[in-house]
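Engineer: Take the sequences, apply the hints, and build the full model.
Number of protein chains: 2
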Amino acid sequence: MEERRGSTFSPDQCMAAADSITSKVLHVLILTNQEIEQVLKMDECMSILEEMYRDFGRGKALFMPRVDNILPCDHEGAYYGFKHMGGGWPLHKIMAMRVNSDIITHPSVRDQLRRVKVPAAQDRWVGLIFLFSTETGELLAIFPDGVAQRMRVGATSGLGVKYLAREDSRRAGIIGSGWQAGAQILALLVARPIEEIKVFSLRKESRETFAREMSQRTGVKIDPVDSAEECVRKADIVLAATSSLVPVIRAEWLNKGMHVSCITSYEIDKPVLERCQRIVVHTKYQEKPVNNVLSGTEHVPAQYFERGIAPENSPDLADLIVGREPARTDASEITCFLNRMGLGLQFAALGALILEKAKQFGLGKELPPEWFSEDVHP
Amino acid sequence: MEERRGSTFSPDQCMAAADSITSKVLHVLILTNQEIEQVLKMDECMSILEEMYRDFGRGKALFMPRVDNILPCDHEGAYYGFKHMGGGWPLHKIMAMRVNSDIITHPSVRDQLRRVKVPAAQDRWVGLIFLFSTETGELLAIFPDGVAQRMRVGATSGLGVKYLAREDSRRAGIIGSGWQAGAQILALLVARPIEEIKVFSLRKESRETFAREMSQRTGVKIDPVDSAEECVRKADIVLAATSSLVPVIRAEWLNKGMHVSCITSYEIDKPVLERCQRIVVHTKYQEKPVNNVLSGTEHVPAQYFERGIAPENSPDLADLIVGREPARTDASEITCFLNRMGLGLQFAALGALILEKAKQFGLGKELPPEWFSEDVHP
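Protein chains in written order, with the numbering used here: chain A, 2 to 379; chain B, 2 to 379.
In case anyone wonders, no lab produced these hints; they're calculated from the structure. The structure displayed is predicted, hence computed values, not measured ones. All the given hints hold, so there is nothing to weed out.
Below, simulated SDA-like cross-link-like pairs (lysine to any residue); rule was C-alpha separation at most 25 Å, straight line:
(1) B:Lys285 / A:Pro73
(2) B:Lys84 / B:His300
(3) B:Lys235 / B:Glu214
(4) A:Lys205 / B:Val377
(5) A:Lys61 / A:Leu92
(6) A:Lys360 / B:Pro369
(7) A:Lys42 / A:Arg167
(8) A:Lys285 / B:Pro73
(9) A:Lys366 / B:Gln123
(10) A:Lys84 / B:Leu295
(11) A:Lys360 / B:Pro370
(12) A:Lys235 / A:Arg251
(13) B:Lys205 / B:Arg218
(14) B:Lys205 / B:Pro108
(15) B:Lys42 / B:Glu367
(16) A:Lys118 / A:Tyr267
(17) A:Lys360 / B:Gln123
(18) A:Lys285 / B:Val68
(19) B:Lys42 / A:Pro379
(20) B:Lys118 / A:Glu371
(21) B:Lys235 / B:Ile280
(22) B:Lys285 / B:Val323
(23) A:Lys61 / B:His76
(24) A:Lys271 / A:Tyr286
(25) B:Lys42 / B:Arg171
(26) A:Lys366 / B:Pro379
(27) B:Lys360 / A:Glu371
(28) A:Lys235 / A:Gly258
(29) A:Lys366 / B:Leu27
(30) A:Lys61 / A:Asp320
(31) A:Lys61 / B:Val294
Just so you have them, the derived chain A footprint on chain B, three or more residues with Cβ under 8 Å:
(32) 97-109
(33) 132-139
Where a beta carbon is used, it is the ideal one built from N, C-alpha and C, also for glycine.
Structural biologist: Here you go:
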């Protein structure tokens, strides 16, 4: 229940606490997704991200572009992807780097190409966040990226809702019932006092279970529906949170005053964008990642690479937050938030929050700092 | 003594052994510089680097460009630098990423600007190498970069000697007696049967101690001399290995048939290059790092940024090793090897060797792999 309400959450909420953490950390913290999930609250994630975008929008934070390195590997039909991104945020004296080390395949499921990461790491996956102090240079923490990734995507879509959806939005529709969808709902409820949510996803059982569980968790009425159209038609806010490679929202379903949000390039198409009066991208600085592909990986399908679909010169979230570009200006506009590309800086913001929480609750395993430093410098 | 001789070292020497390491590693290894220094032999470093350049030159290895991220920090007159580089080498199923997290100052010492890294990490520095398996995605090892950095620079200059110096070179001069100079000598002795080495550096005591110690270690006659000119004049091979920001070799000291090598952009100048008939750079693919500088760090001096001094279209070491460009073609040429920019791929090569050695000698602390993997994938 605590993720609910607080649509007027304060951006300062968790800032003061997180200040000057780094100089007091003496050990390298190893945290788990479970520990992080226990303590990371959506309203606090949104607060610290909002403050980060405010600094970023004013040139007070630095992002490290996402680079996708692609190599051949021995698995049948698979290739190796090493992705990294990051960012530094002086206010919190923190530098973050996120690394994904994946064996990737593209099986065709029901005539549709999918992107599947093989759990080749002893039946697990490898996505890691490394946090460093910009005050001492020290490695502060290493933890898996799963929960932070989910929360950053949800929180960012939530900030899109906060700045773009009508204040009087009460009904929402969500398409998707997977890993990302839950975080989208939590963020939605922080941003607006939503009273009713419809859920659609391809598998009936999945959407029913999801609706029941999220309803119990949030105390909000959440109902599964039988089509995407039903999910969208009467909603004030529509959130797409799928891994679909084909569009899931049709232009003709949209009504005046709606806010539409998506987390991939594929969930909406050009006709949808043409119906929107205000289109905002997550960040214009990372519209295209750097692809660094070794020969021998020619079978990597084009779908692997993100495509830009927003009109050129679209404002981004930081523009709205610093007030350089207007948010919604009237109740009849259809607004769209394209949360399709991440920003490594988000991990610096959530990282600062996670470190503070870890300290507060005594979480994590501590490793000696001398394992991760040296008495020479090349 | 064992670093000596073997100018016709075999590139296959340590290759077979290092094969298919990654699939058998079950834990994440934490290694120290001391452990690495004990087992890393210069001839083996040169062999594996040579093989890596052969693959790289044929498009069979991928480098991740060096990025320098620069942020303000609170220390007086200092800034924060987060540098990363890397590379993937399919032959060894390895991906390496090296990260440096530094507090950097530029004090003026005797009217000369220096670059000094502050040991702000509990009196230590932070430079780390992360190795990943391209077969399973797993994090294989984390270790400090000091010894590997020194060995890669030395070994690379040694390969420059192997391909460019006269076969009958017997006398060498080295300018510098610091951290890098020792590795330069070890590599020199692997590449050619040198009989006599002269050493010059600014501080008399330092060059005398260095000459004595390196002579004891290698069994070769090594004498300190009182000027750079004396060091260079009669040498067949001249190695600059300093942190000087002004040139240390003058064009008029060079003689026919000499080989000149340096490890920074500042050690030699244009007149020296104009005297050389054959100029080879370490790698043409990383002549300029990516500088990513946040506003508020305007005091970072231009010297921080590497400058290119080689003529355009200079061949690189990989060109020589794959035979795409000629090495020395006659005994009278003056050759020059500019080993001024590193390549992240070097850490993949040395990393494969270090992993093999760690396994062979049972080195390192083992951490559970589940600390560095997860059961979800975003």
